[in-house]
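Residue numbers (my numbering), protein chains in the order written: chain A, 50 to 225; chain B, 50 to 225.
Hints may contain errors.
Since copy identity is lost for identical chains, a pair holds within one copy or between any two.
Stated by the list, open to error - Calculated cross-link-like contacts (lysine to any residue; reagent style SDA-like; alpha-carbon spacing at most 25 Å): (1) K216 with L201; (2) K216 with P131; (3) K117 with R171; (4) K216 with E99; (5) K117 with S217; (6) K117 with L184; (7) K216 with A88; (8) K216 with R200.
If you're looking for bench data, these hints aren't it; they were derived computationally from the structure.
Protein chains: 2
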Amino acid sequence: VNGTIPPDPTPEWRLRDALRPGDLAAVRGLAEATGFFSAAEVAIAAELVEETLSNPSSSSYRFLLLEKAGTLLGYTCYGEIPGTIGSFDLYWLVVAADRQGQGLGRRLLEETEGRIAALGGRQLYAETSSRPQYLPTCGFYEATGFQEAARLPDYYAPGDSMIIYAKSLDSPAHSD
Amino acid sequence: VNGTIPPDPTPEWRLRDALRPGDLAAVRGLAEATGFFSAAEVAIAAELVEETLSNPSSSSYRFLLLEKAGTLLGYTCYGEIPGTIGSFDLYWLVVAADRQGQGLGRRLLEETEGRIAALGGRQLYAETSSRPQYLPTCGFYEATGFQEAARLPDYYAPGDSMIIYAKSLDSPAHSD
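Isolated chain A, as found in the complex (with noise of 0.2 Å):
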């Protein structure tokens, strides 16, 4: 209790909304370690981090970081839907592949909804697929309060539906 305070070795999380160019290799460093998407799907995730930087006004897309000790352990992304009054894509939401099942998720999901509510949003929308991979990610948004409010069959591939998860952002959620 006499001597210097040695620099706190495990700082808190943090957020931050704002983009930085370090934030393209960095998401699709994250997107690829997890395993779980495509090549296609990682190079989608990095475009809308590479349009955003390059367009920061015009773009739609919205993201909210979460990092600890300057390396990224997940994020979201999202924006209102055009041609929509407060309705809003959760367009990725992705945490790294050391850091899951210890609630980052639902924490970034709450985080996110709060900012769209503060923007006027009124639902928030997920779409995901019917292929067993996506079982966890189906799980993840039951069991935060999404309902599914529809299915199209075959929309991704032969076989493969696309759900759509809802979740109203402007009353309480369900008990039912």
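Given the coordinates of chain A, assemble chain B onto it according to the supplied hints.
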């Protein structure tokens, strides 16, 4: 029978797939003149033409234009939905205000479906609104073999649902 044949005063309708620079103003004028679309919707319609004229190879939007004697009577804008294999979206189908009810929309749709099938398209989707203004639109889709696949309440705005119509292109139309 001994003289020259005068130019046909009523040349046939012509279909054209390749956009030309003049189509930007023509599409904007056509969409505006219907009185059906909001200024924001007209702007989006024009934007898709502009984007495709600027980047014909990278744009995922395709167009089919129906004209008579150089005047645009209607058009469709369609394309494969990114991230899917063989699912196409019918983004726009517009027929000139003074040419509606003459089967042009149906002809444009059939020709567009043929092009989509030739590109390997399996499914065609069309999104529309539940607002009373769109009842004739819904009637058109129901009369041309689409089925309501989903309805998302309050999607466009409170009280304004999105209806997703779907049509399978790789099997004969249902007759029920």
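Verification of the supplied hints:
1. K216 with L201: both (18 Å within a copy, 11 Å between copies)
2. K216 with P131: For K216 and P131, both the intra-copy (18 Å) and inter-copy (24 Å) Cα distances are at most 25 Å.
3. K117 with R171: neither (31 Å within a copy, 45 Å between copies)
4. K216 with E99: So K216 and E99 fail the 25 Å test inside a copy (28 Å) and across (35 Å) alike.
5. K117 with S217: Intra 31 Å, inter 48 Å, cutoff 25 Å: neither.
6. K117 with L184: neither (28 Å within a copy, 52 Å between copies)
7. K216 with A88: This pair counts as neither: shortest intra-copy Cα distance 29 Å, inter-copy 29 Å.
8. K216 with R200: Both. Shortest intra-copy (15 Å) and inter-copy (14 Å) distances satisfy the 25 Å Cα cut-off.
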